[in-house]
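Start from the sequences, fold in the hints, and give me the full structure.
So the sequences go chain by chain: A and B. My numbering applies: residue 1 is where the first sequence begins, and numbers increase by one. My numbering applies: residue 1001 is where the second sequence begins, and numbers increase by one.
Don't read these hints as lab results, they were simulated from the structure. We put the beta carbon where it would ideally sit given N, CA and C, even for glycine. Check before you lean on any hint, since a few could be wrong.
What the hints assert, rightly or not - Label pairs and their computed distance ranges (CB to CB): (1) A:230 / B:1286: 15 to 23 Å; (2) B:1282 / A:291: 19 to 27 Å; (3) A:5 / B:1208: 29 to 37 Å; (4) A:185 / B:1221: 27 to 35 Å; (5) B:1212 / A:54: 26 to 34 Å; (6) A:70 / B:1285: 18 to 26 Å; (7) A:52 / B:1255: 51 to 59 Å; (8) B:1208 / A:52: 13 to 21 Å; (9) B:1286 / A:184: 22 to 30 Å; (10) B:1282 / A:54: 28 to 36 Å; (11) B:1286 / A:70: 32 to 40 Å; (12) A:54 / B:1244: 50 to 58 Å; (13) A:52 / B:1327: 27 to 35 Å.
Said to hold, decoys possible - Reference listing, derived: stretches of chain A covered by chain B, where coverage requires no fewer than 3 residues with Cβ under 8 Å from a Cβ of chain B: (14) 58 to 66; (15) 88 to 100.
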Amino acid sequence: MIEIDRISKLYDGAAAVDAVSMTVETATITAIVGTSGSGKTTLLRMINRLVEPSSGEVRINGESTRSVPKNTLRRRIGYAIQSHGLFPHYTVARNIGTVPTLLGWSKAAIRARVDELLELFSMEPEHFRDRYPAELSGGQQQRVGVARALASRPDLLLMDEPFGALDPIIRARAQEDLRRIQRTLGSTIMLVTHDMEEAIQLGDRVAVMDAGRLVQHGTPAEIIQRPASDFVADMVGGVERPLRLLSLFPLSELVEQGHAEGDALDADTSLRDALSNCLWTGRNAVPVVKDGVALGRVTMDAIRARAEGPR
Amino acid sequence: MPVRSTAWLSPPGVLLAVLGVASLLAPYMTLAANRIVAGEGFKAWQVAGAEFTAPGMLAVAIGLLLGLLPRWHWLRLTGAALGLAGMAWLLSHGAPALLDGAGDYARVSPGAGFWCLLVILALLMADALTHLSPGPLARIGLLLLVLLLMAILLNSGALAQLSILQEYASRKAAFTDATWRHLGLAFGSLAMATAIGVPLGILAYRRERLRKAILPVLSFLQTIPSLAMFGIMIPLLGWFVSVFPGAKAIGIAGVGFAPAFLALVLYSLLPVAGNVVAGLQSTPASAIEAARGMGMSAGQRLLRIELPLGLPVILAGLRIALVQNIGLAVIAGLIGGGGYGAFVFQGLNQTATDLILLGALPTVALALLAAMGMDVIVELTRATPEETS
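See below:
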């Protein structure tokens, strides 16, 4: 568990981050979202003390980050950044093994860990281990950057706009990968992004920052349905709010008994995709299956009701 | 895949062939009554009997003709080498023929035509090599081969009657001394400048204020004309010795090795420290941010990330300093610092051109050698692949 306790950062008397408190549960993803200059990156960098807080405290599993030397702290916390920051003169294996090497792991242990991570990121170890970063595609470089941040099994992984430099298709895949790997490893992740869509897709919790303050912290559904201020409402994007909301829930939540015509959809399909499918095929209901077994149907009326905002 | 060139002839080859023919019309060798007076010029076909000049000139002509080829660069390279061999042949047979009956004090020297042709064939060789683009190790091999051939040629005595080698023959011990002195000045001052400049550069990189103070001072030092710099050292060290008499015991004096050495160190500080700063600054900002974020200490970042990534630029600075020092060390001769400069200034005083050349030619050769050697080292340190395109 990560506890951020009234943490502030002042630059020349002006607060870049102003008394922010939040708690991050173990094995969850928290997406910190805000416009540029909102203090979201400063907040993230205060957690591994790349920026020293002016006041306040961060506790990781109850232990204050001030109680250990800076570099010891940072070796325990994974850190991945937008432009991946891979060392161009190190091979992929050496890049991933950076922190384990600093921690004095044995060569065999490092090698095993590197291969394990490459496998996890669907990169054939035989093929990629000895390559240099310049020989990889943008998406592969980004994956190696995240693998490097996870190498020493850190208590916490900090990511600063990790997918910012990727094109939309590669980015969607990278987000799915991150979700899958986070579930597999049970990692605790704090991720900074300016993209509300990304925050909603990835975050178990979304923290919205504005002008150095934490304006709302909650589940994606809460943020969309009950934005705490006009600013948050703007961030979740006026007209697209119902669609964003629908993207959070699977069909299985709205299944009812009955029959519908046409091709069946999987129970894990999001309501947004199901709505899109209904519109495209001109149906008022779709059949739902799970593992090949028919569960029933979902009607457009049910989907519409789910998308309605508070009045 | 060799690119098929549509050109019938190599353009630089054509230019060099025309210039080569023109330089054959200039005097190839000169014969003078003694080592001081100006000599009389002889064209390549006049230096000896036709049975000697014909093969030499033929070799040069074949070399220039092969240089015209638009591809087959190995053949062009061989042609240039053949031409150079022809030139040596002409010198070695021309010297005794010209000296025959010319008197005891008579001297023969290579003339303007020889030097021009030497440059032209060397350029032809360089052009062919550029196309072949040999790897760093192959280049070192070629360099050693050329040095070996030069050593064999000079030791064989075939050129012993040339005036410059006559000057050498009467100063063998002094020449060996001067060589060590020159190397000591150039490499010693580089070592000292590295010992001071690298830490200085690292400090300047770390602290912006220091950087803004140091680099302008170093670049001011660089602008002091070399003669003036060596001149200033004389009273400066003279005063130093008068204040600290102990300094004299370890060989420091107003004239001689010490002031020359000090001046060279000062001149090298800018290329060394400046390139250390530039090399360290060339480290990608994201790599440094990542290194910090992963918990590398400042020392670990320097040793593992910044220095290795900056190494090619840092070595390029050492290369500049070394080549510059080999040249500047000649001026050391003026203030009694020794080295090849001593021959140059003696030669200037005696108006003995060949004595000047005895100092100048080894300096040029040494500088070229150092430049090529350092280039190979710089290239070897760039072992990581550049951006794939």
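Status of each hint after checking the structure:
Here the CB-CB span from residue 230 of chain A to residue 1286 of chain B is close to 36 Å, at odds with the stated 15 to 23 Å. At about 56 Å, the beta-carbon gap between residue 1282 of chain B and residue 291 of chain A misses the expected band of 19 to 27 Å. Between residue 5 of chain A and residue 1208 of chain B the C-beta distance comes to about 35 Å, which sits within the given range of 29 to 37 Å. Roughly 58 Å separates the CB atoms of residue 185 of chain A and residue 1221 of chain B, a value that falls outside the hinted 27 to 35 Å.
Taking the beta carbon of each, residue 1212 of chain B and residue 54 of chain A are about 29 Å apart, inside 26 to 34 Å as hinted. Under the hint 18 to 26 Å, the C-beta atoms of residue 70 of chain A and residue 1285 of chain B, about 20 Å apart, fit the expected range. Against the hinted window of 51 to 59 Å, the Cβ-Cβ separation of residue 52 of chain A and residue 1255 of chain B comes to about 57 Å, which satisfies the hint. Roughly 20 Å separates the CB atoms of residue 1208 of chain B and residue 52 of chain A, a value that falls within the hinted 13 to 21 Å.
For the pair residue 1286 of chain B and residue 184 of chain A, the supplied restraint of 22 to 30 Å holds, since their beta-carbon distance comes to about 27 Å. Checked against the given bound of 28 to 36 Å, the beta carbons of residue 1282 of chain B and residue 54 of chain A, roughly 33 Å apart, stay inside it. Checking the proposed 32 to 40 Å range against residue 1286 of chain B and residue 70 of chain A shows it is violated: the Cβ atoms sit about 20 Å from each other. At about 53 Å, the beta-carbon gap between residue 54 of chain A and residue 1244 of chain B stays in the expected band of 50 to 58 Å.
Checked against the hint of 27 to 35 Å, the C-beta distance between residue 52 of chain A and residue 1327 of chain B comes to roughly 51 Å, which is inconsistent with it. As drawn, the stretch 58 to 66 of chain A meets chain B at 0 residues by the rule of a beta-carbon pair under 8 Å; below three, the given contact is violated. Counting residues of the stretch 88 to 100 of chain A whose beta carbon lies closer than 8 Å to any beta carbon of chain B gives 4, which meets the minimum of three for the stated coverage.
Violated hints, in rising order: 1, 2, 4, 11, 13 and 14; the structure is consistent with all others.
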